[in-house]
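The numbering used here puts the first residue of the sequence shown at 2, with every later residue one more than the last.
Hints are not guaranteed to be accurate.
As the list claims (entries may be wrong) - Taking lysine to aspartate or glutamate pairs in the EDC-like style, the calculated list, with each CA pair at most 16 Å apart, reads: (1) Lys110 to Glu34; (2) Lys80 to Asp70; (3) Lys10 to Glu63; (4) Lys77 to Glu7; (5) Lys180 to Asp149; (6) Lys10 to Glu73; (7) Lys110 to Glu60; (8) Lys98 to Glu63; (9) Lys80 to Asp53; (10) Lys110 to Asp53; (11) Lys98 to Glu118; (12) Lys77 to Asp53; (13) Lys110 to Glu73; (14) Lys10 to Asp149; (15) Lys10 to Asp53; (16) Lys110 to Asp149; (17) Lys10 to Glu57; (18) Lys77 to Glu63; (19) Lys77 to Glu114; (20) Lys80 to Glu7; (21) Lys10 to Glu34; (22) Lys98 to Asp24; (23) Lys110 to Asp17.
Rather than coming from a laboratory, the hints here were simulated on the basis of the structure.
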Amino acid sequence: VFARLEVRKALSLAIDRNALVEDVLGGYGTPAEGPVPTGLLPEPSTSVEEGDRIAEAAEVLEASGWVYDTTERVWKNEKDGLSLSVTLSTSNVPELKAIAEEMRRAWQKLGVEVSTEFHDPNELVANVIRPREYDALLFGMVVGRDQDLFAFWSSSERNDPGLNVSMYANRDVDLLLEKIR
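Whenever a hint applies, use it, and build me the whole structure from the sequences.
Here it is in structure tokens:
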């Protein structure tokens, strides 16, 4: 189900990144939209209200054939035999737990069934990240001055010990990353 662009887009739209930074992180952070760290590309201006974000996310799903079943309280794509639920895995670090709770709340407002798994940081790496055993993964990463995104997006880095934890694969992107490097 997460290979579907509309699912990823809807889940992303439902999250108010500015509120997460302000309310959960006390302003210590920068909201990121997309796969490129803040500061490398011009930032899109986004100031969408919560109700509008949830409605927009629902429209994305509906436009791709998803229907919200009010009886079962789940998004379904009957054509493909899919239903939408998410398990969000993260570390039991207080900040990440608080962010995970806000993400769960936002996705539930969209009508997505969400469960959360909290792991000791070492357990998260060994038992979740390395074997790539997650639906959705929330973890922190300090992005420094090195603007080389190869390790995070190259197809060659999809398997452990690579850093492409999204398991993204696109030959055209691989060629661009190699050219940039």
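**Message:** So, against the hints stated earlier in the document, which numbers end up violated here?
**Reply:** Violated: hints 1, 6, 8, 9, 12, 14 and 16.
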